[in-house]
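Visitor: Sequence:
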Amino acid sequence: MLSYKAKMVGIDVIITEESYTSKASFIDNDLIPVYKEGENNHFTFSGKRIKRGMQSYRQQKINQ
6 MLSYKAKMVG IDVIITEESY TSKASFIDND LIPVYKEGEN NHFTFSGKRI KRGMQSYRQQ
66 KINQ
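The sequence shown begins at 6 in our numbering and counts up one residue at a time.
These are calculated hints, taken from the structure and not from any lab test. These figures come from a predicted structure and were not determined experimentally. Glycine is no exception: its CB is placed at the ideal position from the N, C-alpha and C atoms. A hint or two may mislead.
Each pair of labels, with its calculated beta carbon distance range [as the list claims (entries may be wrong)]:
hint, residue 1, residue 2, range
1, S51, Y9, 13 to 23 Å
2, M13, R57, 29 to 39 Å
3, Y62, T21, 15 to 25 Å
4, K56, M13, 34 to 44 Å
5, M13, T49, 34 to 44 Å
6, T49, M6, 31 to 41 Å
7, L36, S61, 14 to 24 Å
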């Protein structure tokens, strides 16, 4: 329903897997890999979650 409403007003909706969204930084252009169970899942991200709703970035910006 949300995708349909967004498309009606010209907004593109991208469905993404959420495994690494608390570590990856959109501002630093980190790619969000797809989690695959049983594989060596070691990725390096530039962002760091300080606590819920607060993220540090490579440029030392903090989102509150």
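Visitor: A separate judgement is required for each hint: does it hold in the structure or not?
Guide: Right, here's what the structure says about each hint:
| no. | hint | verdict |
| --- | --- | --- |
| 1 | S51 to Y9: 13 to 23 Å | violated (34 Å) |
| 2 | M13 to R57: 29 to 39 Å | holds (33 Å) |
| 3 | Y62 to T21: 15 to 25 Å | holds (19 Å) |
| 4 | K56 to M13: 34 to 44 Å | holds (37 Å) |
| 5 | M13 to T49: 34 to 44 Å | holds (39 Å) |
| 6 | T49 to M6: 31 to 41 Å | holds (37 Å) |
| 7 | L36 to S61: 14 to 24 Å | holds (19 Å) |
Comparing the model with each numbered hint stated earlier shows that hint 1 is the single one that does not hold.
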